[in-house]
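**Q** Starting from the given sequences, assemble the full structure and let the hints guide the process.
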Amino acid sequence: MTTNFIRSRIVPCALFYTALLLGWQVLVVLRIGPSYIFPSPLNVALSLAEGFRDRSFWFGILVSFRRLLTGFSLAIAVGGVLGALLLKSRTFEKTAGSLILGLQTLPSICWFPLALVWFGLSEGSIIFVVVMGSVFSFTMTIHAGLKNIPPIYVNIGRNMGVRGPALLWDVFIPAALPSLLLGLRQSWAFAWRSLLAGELLFNSQGLGFLLNMGRELNDINRVVAVMLVIMAIGVFIDKLVFGRMELAVRTRYGLKPS
Amino acid sequence: MPILKVDIASKSYPANAETLLVFEKIRFEIGRGEFVCLVGPSGCGKTTLLNILAGLDPRYEGEVLFKGRRVDGCDADRLMIFQELGLFPWLTVRENIAFGLKCKKVPAAKRARICSEYLHMVDLARFQDSYIHEISAGMKQRVALARALAMDPEVLLMDEPFSSLDAQARDLLYEELQRIWGITKKTIVFVTHNVREAVCLGDRILVFSAPPVARLKASFSVGLPRPRTIEANGVIDIVKCVFGELKSEIRKTYDHEFHP
Ligand SMILES: Nc1ncnc2c1ncn2[C@@H]1O[C@H](COP(=O)(O)OP(=O)(O)OP(=O)(O)O)[C@@H](O)[C@H]1O
Ligand SMILES: [Mg+2]
Numbered sequence: 001m002t003t004n005f006i007r008s009r010i011v012p013c014a015l016f017y018t019a020l021l022l023g024w025q026v027l028v029v030l031r032i033g034p035s036y037i038f039p040s041p042l043n044v045a046l047s048l049a050e051g052f053r054d055r056s057f058w059f060g061i062l063v064s065f066r067r068l069l070t071g072f073s074l075a076i077a078v079g080g081v082l083g084a085l086l087l088k089s090r091t092f093e094k095t096a097g098s099l100i101l102g103l104q105t106l107p108s109i110c111w112f113p114l115a116l117v118w119f120g121l122s123e124g125s126i127i128f129v130v131v132m133g134s135v136f137s138f139t140m141t142i143h144a145g146l147k148n149i150p151p152i153y154v155n156i157g158r159n160m161g162v163r164g165p166a167l168l169w170d171v172f173i174p175a176a177l178p179s180l181l182l183g184l185r186q187s188w189a190f191a192w193r194s195l196l197a198g199e200l201l202f203n204s205q206g207l208g209f210l211l212n213m214g215r216e217l218n219d220i221n222r223v224v225a226v227m228l229v230i231m232a233i234g235v236f237i238d239k240l241v242f243g244r245m246e247l248a249v250r251t252r253y254g255l256k257p258s
Numbered sequence: 001m002p003i004l005k006v007d008i009a010s011k012s013y014p015a016n017a018e019t020l021l022v023f024e025k026i027r028f029e030i031g032r033g034e035f036v037c038l039v040g041p042s043g044c045g046k047t048t049l050l051n052i053l054a055g056l057d058p059r060y061e062g063e064v065l066f067k068g069r070r071v072d073g074c075d076a077d078r079l080m081i082f083q084e085l086g087l088f089p090w091l092t093v094r095e096n097i098a099f100g101l102k103c104k105k106v107p108a109a110k111r112a113r114i115c116s117e118y119l120h121m122v123d124l125a126r127f128q129d130s131y132i133h134e135i136s137a138g139m140k141q142r143v144a145l146a147r148a149l150a151m152d153p154e155v156l157l158m159d160e161p162f163s164s165l166d167a168q169a170r171d172l173l174y175e176e177l178q179r180i181w182g183i184t185k186k187t188i189v190f191v192t193h194n195v196r197e198a199v200c201l202g203d204r205i206l207v208f209s210a211p212p213v214a215r216l217k218a219s220f221s222v223g224l225p226r227p228r229t230i231e232a233n234g235v236i237d238i239v240k241c242v243f244g245e246l247k248s249e250i251r252k253t254y255d256h257e258f259h260p
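Chains U and Z are the protein sequences, given in the same order. In terms of this note's numbering, the first sequence opens at residue 1 and continues consecutively. In terms of this note's numbering, the second sequence opens at residue 1 and continues consecutively.
No lab work stands behind these hints, which were simulated from the structure alone. Just so it is clear, CB atoms sit at the ideal spot from N, CA and C, and this is done for glycine as well. The reader is advised that the hints may include incorrect statements.
[Unchecked claim] Pairs of lysine-lysine, BS3-like flavour, derived with a Cα cap of 25 Å:
{"no.": "1", "chain 1": "U", "residue 1": "Lys147", "chain 2": "U", "residue 2": "Lys256"}
{"no.": "2", "chain 1": "Z", "residue 1": "Lys110", "chain 2": "Z", "residue 2": "Lys140"}
{"no.": "3", "chain 1": "Z", "residue 1": "Lys186", "chain 2": "Z", "residue 2": "Lys105"}
{"no.": "4", "chain 1": "Z", "residue 1": "Lys240", "chain 2": "Z", "residue 2": "Lys185"}
{"no.": "5", "chain 1": "Z", "residue 1": "Lys102", "chain 2": "Z", "residue 2": "Lys185"}
{"no.": "6", "chain 1": "Z", "residue 1": "Lys140", "chain 2": "U", "residue 2": "Lys256"}
{"no.": "7", "chain 1": "U", "residue 1": "Lys88", "chain 2": "Z", "residue 2": "Lys5"}
{"no.": "8", "chain 1": "Z", "residue 1": "Lys5", "chain 2": "Z", "residue 2": "Lys186"}
{"no.": "9", "chain 1": "Z", "residue 1": "Lys102", "chain 2": "U", "residue 2": "Lys88"}
[Stated by the list, open to error] Partial pick of chain U residues on the chain Z-facing surface, computed with a CB cut under 8 Å:
{"no.": "10", "residue": "Ser73"}
{"no.": "11", "residue": "Ile156"}
{"no.": "12", "residue": "Arg158"}
{"no.": "13", "residue": "Met160"}
{"no.": "14", "residue": "Gly161"}
{"no.": "15", "residue": "Ala166"}
{"no.": "16", "residue": "Asp170"}
{"no.": "17", "residue": "Pro174"}
**A** Below, the structure written as structure tokens:
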């Protein structure tokens with residue numbers, strides 16, 4: 001199985017990235033632009049190593065993650081309650097439903113001016129943007145997930161005398177778990193984007209700030225290095241954290257891997 | 001006193017602007033410990049009736065009395081075994097059987113004892129830790145039966161529970177259901193399309209007439225000794241009678257649908 005995995009995944013990936021780096025190096029050798037505009041792979045790698053050595057990247061990651069986790073937890077708490085309310089109350093669904101949809105379509109960066117007025121150039125405004133950027137998407141996916149569970153499960157729960165919060169907890173949530181995880185993953189992506197957009201805007205430390213610093217110092221190597229770090233984190237969280245969780249749940253539920 | 005007294009003047013569903021009258025004048029009683037089978041053409045409202053008896057559907061004219069009291073909402077004393085079963089895929093076989101007990105806040109030790117008892121009764125002890133997608137259709141059927149029995153309901157409402165099984169698995173379950181019914185003395189209302197199944201299992205068989213607007217058409221008592229099998233001589237004679245009634249109704253359904 002492992003040799004098969006190496007042959008089918010690792011080898012093609014390694015080839016692809018080698019080719020990519022080579023292509024990149026070729027462009028550098030062809031001098032399509034001066035080195036302060038078009039960086040070379042080697043310089044980016046050096047900058048990457050330097051960033052981790054002088055701990056500025058670690059620090060940026062830490063700061064960004066603290067904000068992300070704060071904002072995302074808030075979004076999950078609020079979104080979970082809103083989603084459950086939408087499920088529970090027809091009136092709430094009919095009235096607030098359209099508003100929540102509207103708010104969800106609003107790009108998260110549009111919250112920034114408001115955030116600045118309310119919280120100033122502070123931690124609070126970035127967290128606010130993270131929350132606003134993900135809470136409505138989470139609400140909507142939670143609501144859809146809970147609403148679309150097979151009605152038979154609800155009937156069985158009711159038939160056995162389960163009602164109220166117990167019904168939500170023992171039937172709705174486990175039945176909707178695969179789609180809830182999907183919602184979590186999607187909202188996480190929204191939160192992540194909102195966070196970086198927010199961090200770019202002022203001297204905020206964090207990864208977005210490092211990216212902007214690179215530009216201000218005219219250090220293109222640093223810019224690309226930070227971009228790589230951001231991408232790597234995104235892939236890591238999406239594939240390894242959420243992907244694994246989803247796979248575990250889907251296997252247990254006897255569903256096909258999505 | 002009968003355990004269930006059904007007197008439904010009419011039951012209808014709202015259907016685009018109009019209402020769809022499903023059945024009317026359904027009147028019968030079921031005694032404690034009786035095994036009653038309902039047969040009738042497709043669409044006559046058998047599932048609808050079971051939902052009403054379970055308390056899942058309160059929208060009808062008339063009244064259903066359970067032990068003399070009007071049925072008002074669900075009650076774990078009248079448990080439905082749905083045709084789709086609805087076993088929870090996030091729980092193991094044992095956890096599925098324990099589900100209702102857990103919701104009823106039965107203490108863990110007692111719960112474990114009851115679970116083991118029913119796991120053995122339906123012969124699934126070996127599979128207690130399997131997930132639902134890991135067991136066969138017949139086993140799923142037995143888990144659903146055990147899940148309902150573990151709650152110790154007074155009435156079991158079973159909606160075509162064996163329709164998706166092959167003949168051999170079904171024969172085994174007929175045997176098993178009669179055995180379990182003999183031990184537990186539950187009252188069972190059993191819906192089926194299969195007249196042989198009905199005669200093999202039931203003390204009494206109620207035949208519905210054809211839709212639209214079904215009624216109770218006939219009632220047959222089956223006094224044959226138990227345990228019965230599908231091939232027993234007495235069974236086949238009664239099957240012929242019931243089938244005669246049913247066939248004319250089924251023909252009406254088709255006439256209505258194809259030459260309205
Ligand atoms: N939730 C519902 N809303 C509207 N109409 C319904 C609903 N459930 C059932 N019906 C209608 O009521 C009638 C009876 O349905 P029901 O499912 O009770 O029939 P049945 O006797 O169980 O049929 P079958 O043997 O095919 O299972 C059908 O005409 C069906 O279209
Ligand atoms: Mg039916």
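**Q** All hints are to be evaluated individually against the structure, with a verdict given for each.
**A** Here is how each hint holds up against the structure:
no., hint, in the structure
1, U:Lys147 x U:Lys256, "holds, 21 Å"
2, Z:Lys110 x Z:Lys140, "holds, 24 Å"
3, Z:Lys186 x Z:Lys105, "holds, 23 Å"
4, Z:Lys240 x Z:Lys185, "violated, 28 Å"
5, Z:Lys102 x Z:Lys185, "holds, 24 Å"
6, Z:Lys140 x U:Lys256, "holds, 20 Å"
7, U:Lys88 x Z:Lys5, "violated, 34 Å"
8, Z:Lys5 x Z:Lys186, "holds, 16 Å"
9, Z:Lys102 x U:Lys88, "holds, 24 Å"
10, Ser73, "violated, 24 Å"
11, Ile156, "holds, 5 Å"
12, Arg158, "holds, 5 Å"
13, Met160, "holds, 4 Å"
14, Gly161, "holds, 4 Å"
15, Ala166, "holds, 6 Å"
16, Asp170, "holds, 6 Å"
17, Pro174, "holds, 4 Å"
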